[in-house]
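**Q** Top to bottom, those sequences are chains A and B. Per my numbering, residue 1 is the first one in the first sequence, and the count goes up by one each step. Per my numbering, residue 1 is the first one in the second sequence, and the count goes up by one each step.
Hints are computed from structural coordinates only; laboratory data are not their basis. Mixed in with the good hints, there may be bad ones.
[To be verified] Derived lysine-lysine pairs resembling DSS-like cross-links, with alpha carbons at most 30 Å apart:
no., chain 1, residue 1, chain 2, residue 2
1, B, Lys38, A, Lys285
2, B, Lys38, A, Lys345
3, A, Lys213, A, Lys345
4, B, Lys55, A, Lys345
5, B, Lys206, B, Lys253
6, A, Lys228, A, Lys213
7, B, Lys14, A, Lys213
8, A, Lys228, B, Lys23
9, B, Lys253, B, Lys167
10, B, Lys253, B, Lys210
11, A, Lys213, B, Lys38
12, B, Lys110, B, Lys167
13, A, Lys198, A, Lys345
14, B, Lys110, A, Lys198
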Amino acid sequence: MIKNLTRFLFLALGLVIFAVSLPLVGAQEFSSTDFKILDPVLAPSGFSSSTDFQLFSSLAELAIGTSTAASFNLGAGFLFFPQVDTPAVSATAGVQEVALSWTASTGYLGWTVSGYDVGQATVSGGPYTYTSLGNVTSSTRTGLTASTAYYFVIRPLDTFGNALATSTEVTATPTAPAGGGGGGGGGGSGGSSDTSVKLSGRAYPLSQVTVLKDGQIAITTIAGPDAKFSVTLTNLNAGSYIFAVYGEDNSDRRSGLFTFPLTLTSGASTEIGGIILAPTIAIDKTEVRRGDDIAIFGQSQATSTITIAVNSEPEYFATTTADVDGVYLYNFDTAILALGDHSTKAKSRVGNEVSAFSPSLAFAVGVQNVPTPGAGCPARADLNDDCRVNLVDFSIAAYWYRRPFLAEFAVKELAKLNGDGQINLVDFSIMAYYWTG
Amino acid sequence: MAKLYFIEEGSLVKLLIDSPDQKINSVAGEIELAAGAKFEQVFDANSLISFWVDKPPLRQGSAGQNNKIIFSGIIPGGYQGTGGQILALQINSVMQGSTLKTQNPRSNLKISNPQVLLHDGLGTAIQVETPVFSFIPSEIMELNDNILPEVFRPEISTEASVFAGQKFLVFQTQDKQTGIDHYEVKEGLWGEWLPAESPYLLQQQKFFLKVAVRAVDLAGNAQVVTRFSPTGVYLSLALGAIIVVSLCLWFFKRKKSISPF
Numbered sequence: 001m002i003k004n005l006t007r008f009l010f011l012a013l014g015l016v017i018f019a020v021s022l023p024l025v026g027a028q029e030f031s032s033t034d035f036k037i038l039d040p041v042l043a044p045s046g047f048s049s050s051t052d053f054q055l056f057s058s059l060a061e062l063a064i065g066t067s068t069a070a071s072f073n074l075g076a077g078f079l080f081f082p083q084v085d086t087p088a089v090s091a092t093a094g095v096q097e098v099a100l101s102w103t104a105s106t107g108y109l110g111w112t113v114s115g116y117d118v119g120q121a122t123v124s125g126g127p128y129t130y131t132s133l134g135n136v137t138s139s140t141r142t143g144l145t146a147s148t149a150y151y152f153v154i155r156p157l158d159t160f161g162n163a164l165a166t167s168t169e170v171t172a173t174p175t176a177p178a179g180g181g182g183g184g185g186g187g188g189s190g191g192s193s194d195t196s197v198k199l200s201g202r203a204y205p206l207s208q209v210t211v212l213k214d215g216q217i218a219i220t221t222i223a224g225p226d227a228k229f230s231v232t233l234t235n236l237n238a239g240s241y242i243f244a245v246y247g248e249d250n251s252d253r254r255s256g257l258f259t260f261p262l263t264l265t266s267g268a269s270t271e272i273g274g275i276i277l278a279p280t281i282a283i284d285k286t287e288v289r290r291g292d293d294i295a296i297f298g299q300s301q302a303t304s305t306i307t308i309a310v311n312s313e314p315e316y317f318a319t320t321t322a323d324v325d326g327v328y329l330y331n332f333d334t335a336i337l338a339l340g341d342h343s344t345k346a347k348s349r350v351g352n353e354v355s356a357f358s359p360s361l362a363f364a365v366g367v368q369n370v371p372t373p374g375a376g377c378p379a380r381a382d383l384n385d386d387c388r389v390n391l392v393d394f395s396i397a398a399y400w401y402r403r404p405f406l407a408e409f410a411v412k413e414l415a416k417l418n419g420d421g422q423i424n425l426v427d428f429s430i431m432a433y434y435w436t437g
Numbered sequence: 001m002a003k004l005y006f007i008e009e010g011s012l013v014k015l016l017i018d019s020p021d022q023k024i025n026s027v028a029g030e031i032e033l034a035a036g037a038k039f040e041q042v043f044d045a046n047s048l049i050s051f052w053v054d055k056p057p058l059r060q061g062s063a064g065q066n067n068k069i070i071f072s073g074i075i076p077g078g079y080q081g082t083g084g085q086i087l088a089l090q091i092n093s094v095m096q097g098s099t100l101k102t103q104n105p106r107s108n109l110k111i112s113n114p115q116v117l118l119h120d121g122l123g124t125a126i127q128v129e130t131p132v133f134s135f136i137p138s139e140i141m142e143l144n145d146n147i148l149p150e151v152f153r154p155e156i157s158t159e160a161s162v163f164a165g166q167k168f169l170v171f172q173t174q175d176k177q178t179g180i181d182h183y184e185v186k187e188g189l190w191g192e193w194l195p196a197e198s199p200y201l202l203q204q205q206k207f208f209l210k211v212a213v214r215a216v217d218l219a220g221n222a223q224v225v226t227r228f229s230p231t232g233v234y235l236s237l238a239l240g241a242i243i244v245v246s247l248c249l250w251f252f253k254r255k256k257s258i259s260p261f
């Protein structure tokens, strides 16, 4: 009995000594009308620039998979949302050089991208040698060995130089100078001397993926069950293009356009890798009675983590997980939203790869529930009602540009464009937003 | 905030756009050139703009009346980045040859009424910075272009609110060297090439076999594409079948007539 009591006292004493020795400092609590974060753990470190407190190292865990622990995943939480979308990267081989370009990463909730690292290796998967590039979205790596395959990744950095994400690896094989002997290897596809571009990435399981070249449909393909797709466009001319990719999910909903401006070099093969299509998104009501749920749903990659943002004041975030077919559904309780107009958007994450946000969908919180009309067609800009927005719609709008409307077109302009009784650049901008090719 | 600005590259002055933080999809403005120089040619090849609303006049002579070029257009899907090319300009001094170099006449380019709209589904305008560009016009260099405009696919469509519901043709392509100068359309087998703009009201509304569209670039290279009407396709197939059957019958008959049995 006395022995047990002694043990207990020693244990208690040990706990007190341990607690006292912890380097915790006074934490600032966060509160709003909807939530409270009590006693957040803060400790001295060199990470934050605040004069009042410094953030603990938990910010290092930005996404599932960055931890080395095999026994746990870092789940969504307060510190989980600050992330950036993963850049897609293009690589074009030149004479003893490779030209790289990539999409700008966007940070959320005040998280800003301040620069990029390029990682370079001669073995797929690395180890990479990193070079800091500053806040640019292109770089030409020179002094490379001809006919040797090089592998590159791009890492967006925060203001402290921390890597926030890592792109998919792309590869290119530099050629030898003309007349210098050795055959110009030409990385990858078939050794053709054609000017070509290969686009690859993730859409949705077994979804149709459409590639636009300068706004017009160039090719369509079907993604695999793992949502991965890869297409090659050949016989292109050298010059500057805007390639765009979108996917159509299992309910014919279209994703937003993922665009990539690119200058092609004559005779060179260019690879654009790491295209991650944002989830498709739909809502079940255009107006929801305050306090009722609004269903936010769509498709993404299988078992991906979906972050749903509801644009309000403040902005609300929620996460859910897509099922094995990539389908997700989240019932958002509108009790916390003020009466008025709101919008929602979604992005997905698989491993370390994060998509950009989907286009926003508008809804109102009011006094009644109004179901969303049939989905599938673009909400606006489809002037000939064929569920597409393309050159035909552009030509119809161009026909009425600077002309007085007939009553028939006035109705369309009101319903499908900005409704100001004239065709101007704003109407064409709306068209460019809903463009399907 | 976006920035529309000029840079000099070889004998060309390029109009570029920066929008590093926001995705934009529409650009418009008026390029004004100070007296003492004139627009020689305008190139829309390699432009970010896929569809022109106000297409700048490209051709020599017609480019830049009153030393002003009006342009507007859209980028489907939007653009976010720096150094995106809108137009390339060939500008000549009104003084020629050696006078050009000795007198060192600087000229100014500026953009008035700039408009850049966000890719937000609403066409929200953002602020645009447009610095004045001062430069010395360089001598005009001949641009080589022997590559045809890209292959394209015209579409035949109808819409109640356009051309009173009659059939019309839409078309658009790109030329990555000098840019598309103009289009021409030819209807039927023996029609003539007529200058055309999209949308183009078809003359043959009730019945046509084929319609061809010719896209001509600034260097005169032409890409011709043809669309056959479904009736035309069936008619051609039927005609082909009749010819083949007739030939077979004739051949079979001839063989029979020369056979000794």
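**Q** Taking the hints in turn, state whether each one holds.
**A** Here is how each hint holds up against the structure:
no.	hint	in the structure
1	B:Lys38 to A:Lys285	violated (57 Å)
2	B:Lys38 to A:Lys345	violated (49 Å)
3	A:Lys213 to A:Lys345	holds (26 Å)
4	B:Lys55 to A:Lys345	violated (35 Å)
5	B:Lys206 to B:Lys253	violated (40 Å)
6	A:Lys228 to A:Lys213	holds (20 Å)
7	B:Lys14 to A:Lys213	holds (23 Å)
8	A:Lys228 to B:Lys23	holds (26 Å)
9	B:Lys253 to B:Lys167	violated (47 Å)
10	B:Lys253 to B:Lys210	violated (36 Å)
11	A:Lys213 to B:Lys38	violated (34 Å)
12	B:Lys110 to B:Lys167	violated (42 Å)
13	A:Lys198 to A:Lys345	holds (29 Å)
14	B:Lys110 to A:Lys198	violated (39 Å)
Hints 1, 2, 4, 5, 9, 10, 11, 12 and 14, counting from the list given before, are not met by this structure.
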